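Based on these hints, arrange chain B on the given structure of chain Z.
2 protein chains.
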Amino acid sequence: MHLPVGFRFAGVVGGIKSRVGARDVTLIVSDTPCVAAGVYTTNQIVAAPVLVSRSRTPSNTIRGVVVNSGNANACTGTRGHRDAVEMTKHAAAAIDPTGKLTAEQFVVMSTGIIGRFLPIEKIKAGISAAANELASTEQAFWNACDGILTTDIARKTTERRFSLDGKETHIVGMCKGAGMIGPKMATMLAIIITDAPLQPTQAQRLLQSAANKSFNCISVEGHMSTNDTLVMLAAQPTCAIPALHGCNEIEFAKQLNEMAIELAKKIPNDGEGATHLVEIRIQGANTDADADAVARSVALSNLVKTAITGGDPNWGRIVSAAGYAGVPIRPDHTALKINGFPLFERGEPLSFDAQRVSHSIKASKLTEIDLQVGLGPGVATHWTTDLNTEYVRFNSEYTT
Amino acid sequence: MHLPVGFRFAGVVGGIKSRVGARDVTLIVSDTPCVAAGVYTTNQIVAAPVLVSRSRTPSNTIRGVVVNSGNANACTGTRGHRDAVEMTKHAAAAIDPTGKLTAEQFVVMSTGIIGRFLPIEKIKAGISAAANELASTEQAFWNACDGILTTDIARKTTERRFSLDGKETHIVGMCKGAGMIGPKMATMLAIIITDAPLQPTQAQRLLQSAANKSFNCISVEGHMSTNDTLVMLAAQPTCAIPALHGCNEIEFAKQLNEMAIELAKKIPNDGEGATHLVEIRIQGANTDADADAVARSVALSNLVKTAITGGDPNWGRIVSAAGYAGVPIRPDHTALKINGFPLFERGEPLSFDAQRVSHSIKASKLTEIDLQVGLGPGVATHWTTDLNTEYVRFNSEYTT
Chain Z
12 MHLPVGFRFA GVVGGIKSRV GARDVTLIVS DTPCVAAGVY TTNQIVAAPV
62 LVSRSRTPSN TIRGVVVNSG NANACTGTRG HRDAVEMTKH AAAAIDPTGK
112 LTAEQFVVMS TGIIGRFLPI EKIKAGISAA ANELASTEQA FWNACDGILT
162 TDIARKTTER RFSLDGKETH IVGMCKGAGM IGPKMATMLA IIITDAPLQP
212 TQAQRLLQSA ANKSFNCISV EGHMSTNDTL VMLAAQPTCA IPALHGCNEI
262 EFAKQLNEMA IELAKKIPND GEGATHLVEI RIQGANTDAD ADAVARSVAL
312 SNLVKTAITG GDPNWGRIVS AAGYAGVPIR PDHTALKING FPLFERGEPL
362 SFDAQRVSHS IKASKLTEID LQVGLGPGVA THWTTDLNTE YVRFNSEYTT
Chain B
12 MHLPVGFRFA GVVGGIKSRV GARDVTLIVS DTPCVAAGVY TTNQIVAAPV
62 LVSRSRTPSN TIRGVVVNSG NANACTGTRG HRDAVEMTKH AAAAIDPTGK
112 LTAEQFVVMS TGIIGRFLPI EKIKAGISAA ANELASTEQA FWNACDGILT
162 TDIARKTTER RFSLDGKETH IVGMCKGAGM IGPKMATMLA IIITDAPLQP
212 TQAQRLLQSA ANKSFNCISV EGHMSTNDTL VMLAAQPTCA IPALHGCNEI
262 EFAKQLNEMA IELAKKIPND GEGATHLVEI RIQGANTDAD ADAVARSVAL
312 SNLVKTAITG GDPNWGRIVS AAGYAGVPIR PDHTALKING FPLFERGEPL
362 SFDAQRVSHS IKASKLTEID LQVGLGPGVA THWTTDLNTE YVRFNSEYTT
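Chains Z and B, in that order, are what the protein sequence lines are.
When you line the first sequence up against my numbering, it's residues 12 to 411, in that order.
When you line the second sequence up against my numbering, it's residues 12 to 411, in that order.
If we strip away everything but chain Z, and leave its shape as in the complex, we get:
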């Protein structure tokens, strides 16, 4: 693994999660003030750490990110807000005991149960311990990744290494998404770190654009969390090493977009319950935004999702979900393929070998849906999971 230059990582056991020995406090620190951009949940019911971090990005004075898992600090009112600020204040003090850093130089994320006050003393102790363990090693990076997970079954990371004008550039990313197996923890957190130099507004623009084609195109059940946060840390441009521009910015954006998609897809792909990752590709809408609406409508249909669970090439459910997306489609020019098999064309059913299509769904973790809606140039791709009894059991049996 090739980590970006100038960043250190730690993830420790703070005792917030009930599972013994689970890391639940993560610290990521830049050696010098860095650039930070953020994309946040658009839910109006928004957790305290989101309010705090949102007010601090984009910025070029950030020194790090502090995260706890096991408690979302959401729906916790003024005390929750005070606790979120306290986490950043304590991170600043723990990293530079001389008091030169301020709370405002840190962004904060929380994920876990909603509606419980943070065990703030445990978290502060965890932050102190993490500050002592900060390192730029692979192991430290992995510990940091583990510290943001909740019920994920696997650590979710990705990296890119490429050359910009002969200079080796790195981007690494980590995320968590309880997804299928997330009871009250359906939060998505993602952190992307690069040593490429970016201006704050540039970083914000690139991050938002990457999010629109990746983290904004995944769903498990469409329930938007109170805590979703995507933050990117980037190097501060200097006179000697100015911010990326021209072809370099374009190449960086391409790499960033690709890795954001790779990272985002790990969320619906994960989870004990999920037996399928479903890729929904829409073509032929009037605009990309319209295609996005169609993809979302198909992705969120429980009937589509359960059909895939059962290996059922039930194209009627897919086509009818497209029909109520609220944007124009042209029924008599609509065509559908599942895993490459044409099932529906020009508004009429095709005869097909149902056994063969069913087998292709059952045999692969990935199900590919191609839907042409017959109007214009608009395209979109979304990723979701199937819906099976494991998901329901998990989310029903978890009780407060």
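Worth flagging that the hints you see were computed from the coordinates, not collected in a lab.
The model shown is predicted, which means the values in this text are computed figures rather than measured ones.
Keep in mind that the hints are not guaranteed to be accurate.
Given that identical chains are not distinguished, each listed pair holds provided it fits within a single copy or across any two copies.
To be verified - Calculated cross-link-like contacts (lysine to any residue; reagent style SDA-like; alpha-carbon spacing at most 25 Å):
hint, residue 1, residue 2
1, Lys28, Glu144
2, Lys276, Ser369
3, Lys376, Glu401
4, Lys28, Gly322
5, Lys348, Arg90
6, Lys28, Phe363
Chain B alone, transformed into the frame defined by chain Z:
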């Protein structure tokens, strides 16, 4: 049971459904030309019978309704359209072999599997058989009710008998629907029959208004069907018995609205595998339309639905679903009760006896959610089901 005067009913076994002995062809006939109004799916992928019936209502020359279950005649292109027209043509001929009735005097509905051509000869034979059995008896009415069912567990009917200016007036209704139930018209068929005299546009206005507070406020999984149809047949006004007006119309509308809600609630109550009927009452939105959007967002959240399955008073899921409904709410004035227990107020969690609330959810088929969003006078009520493994199993194992 008190049936409206002037209508006859039949439901017969046509051999369309695979289950032996299941009624699947229904005929409802008015002795004289009657008034008909209709409300239909807004899905752009719309079944042939909907296209045919939609073009024929409102009207004051209708003689009846012909319905088949077991096959939706949806996504069947031009042949499907021809078949739907053929059903009405055959109904006209079967009821009056002298050829005085026209196809256009019948509305048609189909429900069942999508994307298969109708077994039209079987259906025509069924229509002929039904025409021979038409009667104004209770048993005939129940047979008609059975003929429109698909995966429903129970027959769904309701009736009202009341006096308008001393004249006894009747409204009866039947509906079907268990899965694929989205708000904005469910995968459901409903027929309401009254002997009250109404003008066609008046019938249409009263029916749409009743639908907005009843059939448009129920959901199972939010998947809007291609076939949803609600039709009302009413008596033709005459010089002697003019159309309802004034207080009589108001009283009729009140009775109609109440029975539409009673009928509509039977659908989620009988949802595939449903163990709970969930009533979601929203108050304090800026407008009724906004309240409707909040209710819909809560009703469609799988996380809310699975929590109720498990008897989990997981208020965070409900409040956060309200937060992403896309209409304004005021988080710091938001308050939530489940089954009357206050759980969340002014944006902060209340302490409550989780065991007791959980027990109240588990002990009752009905779960009541009251959510105050703190802004204005807008109110709405929706009804949905919980989401359990039975639903998932059913919809996974059902194969085309």
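Taking the hints in turn, this is what the structure says about them:
{"no.": "1", "hint": "Lys28 <-> Glu144", "in the structure": "within (20 Å within a copy, 68 Å between copies)"}
{"no.": "2", "hint": "Lys276 <-> Ser369", "in the structure": "within (23 Å within a copy, 35 Å between copies)"}
{"no.": "3", "hint": "Lys376 <-> Glu401", "in the structure": "both (16 Å within a copy, 23 Å between copies)"}
{"no.": "4", "hint": "Lys28 <-> Gly322", "in the structure": "between (36 Å within a copy, 23 Å between copies)"}
{"no.": "5", "hint": "Lys348 <-> Arg90", "in the structure": "between (52 Å within a copy, 22 Å between copies)"}
{"no.": "6", "hint": "Lys28 <-> Phe363", "in the structure": "between (50 Å within a copy, 22 Å between copies)"}
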